[in-house]
Amino acid sequence: MIKVLVFLAVTFTSQSVFAAVLSEAKGEIILTVTGNISHTNGASNAQFDLAMLQAMPQTTIKTETPWTEGIHEFTGPKIQDLLQLLAADGNYIEATALNGYKVTIPMQDVIRHSIILALKHNGKILSVRRRGPSWVIYPWSDMELSRDHKYYTRSIWQVKSLNIL
Amino acid sequence: MFNRIKIIYLTSALITLVLSITLVTDLTKIKNLQNIQKTDAQLSLVWFLNQADREARNFLQHASYLYMGHQGVSRQQVITSFDIFWSRYDAQLMGRINRKLFAVDTGRETVEFTRKTLFQLDPLVQKLETGDSQSFQLINQLMTTHLQSLYALSINAIQLRSAIRVQRHSTIDELYFHLLITLVSLFAGGFMIIALFIKKGNELTVQNLIFEQRVNQRTAELYKSNQSLLFEAQVRKKSEQRSQQLISAFDQSTEVVFFLDANNQFIFFNESFKKTNAAVIESIAIGAPFETYLNAVMQGSGANLNSSEKNQWIEHWLLGLRNSEEFFEVEQLTGQQFIFNMKRLQDGSVITIGSDISALKESQHALAMSESRFRDFALIGADWYWEMDAELKFTYITGNVEKISGLPPEHYIGKTRSQSYTDKFLPHTGSEQDELRQMNNREEFNDYEIKTHKADGSLVTISLSGEPRYDRQGNFIGYIGAGRDVTERCLVEELDKRLIAAVNSLNLFVTIFDDQDKLIFFNRKFGEVVNRDMRNIELGMSFENMWRSCSEYYTQEFGFDTKKWFAKRLAMHRNPVDDFVLPLGENRYLKIFEQLLDDGGVIIIATDISESTKAGQEIHRLRNYLANIIDSMSSILIGVDQQCRITQWNFAAQKETSISLEEAYQRELIDVFPRLQTQLSNISAAIIKRRESSHLKSLYFQAGEVCYEDITIYPLITSGESGAVIRLDNVTEQVLLSEMMIQSEKMLSVGGLAAGMAHEINNPLAGMMQTANVMLNRLTGYTVPANLQACEDAAISMQSLQQYMKDRGILRMVNSIIESGNRVAVIVDNMLNFSRQNDTQSSEQDLADLLDKALELSSTDYNLKNNFDFKSIQITRDYQVDMPGIVCEPGKIQQVFLNILRNGAQAMQEANVQAPMFVLRIKYDREAEEALIEIEDNGPGLDEGVKRRIFEPFFTTKKEGRGTGLGLSVSYFIITENHSGKLLVDSILNKYCKFTICLPKMGNREKIPTRAAANVH
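Chains as they are written, first to last, in the numbering used here: chain A, 11 to 175; chain B, 170 to 1186.
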């Protein structure tokens, strides 16, 4: 059994800066968050480019996945941090992929499993071809997760937008 | 049977084998099924193929839209949809899907082909633009090929899935079949084994029953034989026990026992027999002839008997044996007398039991001897001797019985004791019964006393002794006894008893010691006291020991001083001292009397005299008590006899005269108390007339002071002698106080009168003064128009009027009237101060400040009027530093100070004092909460008369016209009435005069509530 190793890579960018002001996205918008959020930078939504997401505290998960062989390394912000940043309040997250695929992730997954919105795979920025720009990653090596099929479907890739319900 | 068991084992083994194989097969099948399920359960290829197809078509759709220039589709969208399509086939991210795909026919080829296609498509997509038909055609072509291969792959995948399902179903079928076989074989094997076991069980039960029957039979047989053996052993054991018991009984018996057989040989002899014949023990043995034993005995007997006698003894024995005599008495050579009981049994053997009757013989002999001795002895000490038979009838009586009873011995023979009594000679009530009881019980009795009446009627006491007699067989055959006349001894004993009873009843301690100084008697009272808690004394102890015990008891009870008195009392023993009183402690006393007796003994009588001693002490205590009371009185008490000589003199008298009672006792009253000279006649008169007389407020001088005393004379008769008690009470204080009160009352009434008068005078005075002023105004007012008009009307000029009045001195007279009126007004004003009415307000003042100001004022005032240099008066101030503020009316207090200072200065000036001085003191008395102001001068002072009247209004010592006599009166009223204080004067003529002002701290308290009430309104 391979243990789950969770490394917290804490950047020194203060989170409170984001909390105070959500800056405008300067680059290509890779993620749009809508729904029940308090902080916005667009028309009642929050738009992020890659730099903004990477400026947040990054977490790395080393795990097996149902789609890959061996241990892989995924890095990106915790979804919980993202929601805190936006002062989001809700019970579910509706995530939509570039190809229109949609899943509903209960908020307790976010809290209990510290799932991340992976931006890097084995140290490389995820492109659309490599299922980027972002990919919801669960720590699969946790037995409880790997046993239950429902978590596979929630691990959506090529995430385009999140809607907080 | 063995074969059958083998079959069972073999069958079981076979069944186990079959079961194991089937179970293993089943498990394998289940595993297979699980694997198939797993394969099926992994990510479905359908999902992948579906998504891949969708994304490929999506890309193709976007590309075609772009190519056709369809609105709303950007190049970027095409690229993104291509990227999404690409991402589906990314080698790194396909992982497990790869493996699954490769398992399907054409899977590997399709994937590899698609990846190749993607690489071919990538540059085409990048450069694709609207209308670029070449690129689009290529894209379309490549995508069509891809979609076809993907379709083929989908078909293959579906087929594979179907194949897996079929495989699964067949596996489940097989598994079911195998399980069925397993179950059937399990049941079959189980049944077979159970059947075999049941069969085998039945066989074993039958065999067991047969075996059990055999065992039971065998056990019963064994039990029977065992029982008989046990019974036999028990019988043998019992018989052995019985023999042993018998032998042991014989051995323990003191009787001599031996058995002989028909040939007179020993079969058995006991321990007693062996012991008795210890000398010839060699001749005694089991099987030895009895005759051998007899011979041995005879041989051992020595030379006491000759041979014929020996033979005769042996013959006697053998004859006895032959006849088997029941009672065969024989004297052994040891001197022991034996009686043998012999019995010959049927088999010819003889059992012989012999008893040693030597002791019996001896006791018979001793009894006979004792009887004769008793008879002799009884006759020596007794007055008569008697014998009775078994029916207690006299058989013999002798001696002086006739002397006592008056009846001859013949009278008694053949009669019982009760039958022998006559009317004259009869027992005292109660005696007879006891005698009969003792004799009926066959008891021995000694000195049994009974009282009878003699023939002449006199009482006689008889002492009887007797003992029962028995024959050789131990049968009672009667009594023998003796009698004595003990009348005299009894009388002496009774007297003794009465004496002792008398001594015991005395409330004295009586002890008697013999010539050896041993305690031979102590009376009951003494015993009750000393032996109350424990046995302290007992008869036979020496005097010293008894006295030690008593001392310890007294110490414990009363705290007796042993050290002091133990030796003293011991020394006094046998050396009698008159009235020896022994203090026991706690006010208890014993008076001890000792008397030597003729026989060398001593009788000691101790009397408890505590009560009488206590009464004496009580009187003494009472006397002391009374003396203390008299001494503690503040009055002087003097007791005198008829000749006026001192008999009593209390402490107050001692203090007054400094003469002690001892010194004064029996001296003339006048010598020790001269100031009663004047009372001598009164004392004599009181004694003679026996009447009390009193003389109140009698005046006398002491240390130059006037003193008063009340003298009371009480006549007294003590022990028939006349005398008197004189009581002197010093009443100086009371007299002075009452005088002061009278003075104070007088002042108050005079003050009230003066104030009333002042009011009455004030009104007409005011009218008079006003009129005088108007007169002056009308006579001198040159400018007043009314005056001018009047002059004009009278035809005189103002000047001439002036001239006239000047010439006639009218204006001077009018001025004189006004001046006199003013003086009267001042007097009246002062007099008004006597009343309490006042409007001025009291406030807290610094007295030192007030006094200093008054001093300053008076000096100025005096200087002006009398040209007297006030500065020549030396002023000494003694003010207390922490003086609190005193509530008073400052103006009035100042006035008082001024009055006193002015009077003082005037007096000193008039007396022409060389070094005049004022001493001013201000103090505060915290307890009384009042301030004391003293103003003392060294002027001529005041005599008693002046001092007493000094505060009276209009009383003055000054020359006429110089003083109104109101200054100190006003001061007095200001202090006493307005301030509730005190104004006192103290003076000694030609030495000093001191005024003391006492002011309460809170001022006149009577005013406070009034003022408070006024403030409220």
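Derived by calculation from the structure, the hints in this document are not laboratory data. Only a predicted model underlies this, so the values are computations on that prediction, with no experimental measurement involved. For every residue, glycine included, the Cβ atom is placed at its ideal position computed from N, Cα and C. Each hint should be verified, as a subset may be incorrect.
[Claimed, not checked] Covered by chain B, according to a simulated footprint, are these stretches of chain A (three or more residues, beta-carbon under 8 Å):
1. 74-80
2. 136-148
[Said to hold, decoys possible] In silico EDC-like cross-links for lysine to aspartate or glutamate, where the CA-CA straight-line distance does not exceed 16 Å:
3. Lys-269(B) x Glu-79(A)
4. Lys-623(B) x Glu-571(B)
5. Lys-1061(B) x Glu-1105(B)
6. Lys-134(A) x Asp-259(B)
7. Lys-1160(B) x Glu-1121(B)
8. Lys-134(A) x Glu-83(A)
Hint check results:
1. 74-80: holds (count 5)
2. 136-148: holds (count 5)
3. Lys-269(B) x Glu-79(A): Within the cut-off at roughly 13 Å; holds.
4. Lys-623(B) x Glu-571(B): 10 Å, holds
5. Lys-1061(B) x Glu-1105(B): Status violated; Cα separation ~20 Å.
6. Lys-134(A) x Asp-259(B): Holds, because 15 Å separates the two Cα atoms, which is no more than 16 Å.
7. Lys-1160(B) x Glu-1121(B): 23 Å, violated
8. Lys-134(A) x Glu-83(A): It holds: about 10 Å lies between the C-alpha atoms, which stays within 16 Å.
When each numbered hint is compared with the structure, violations occur for hints 5, 7.
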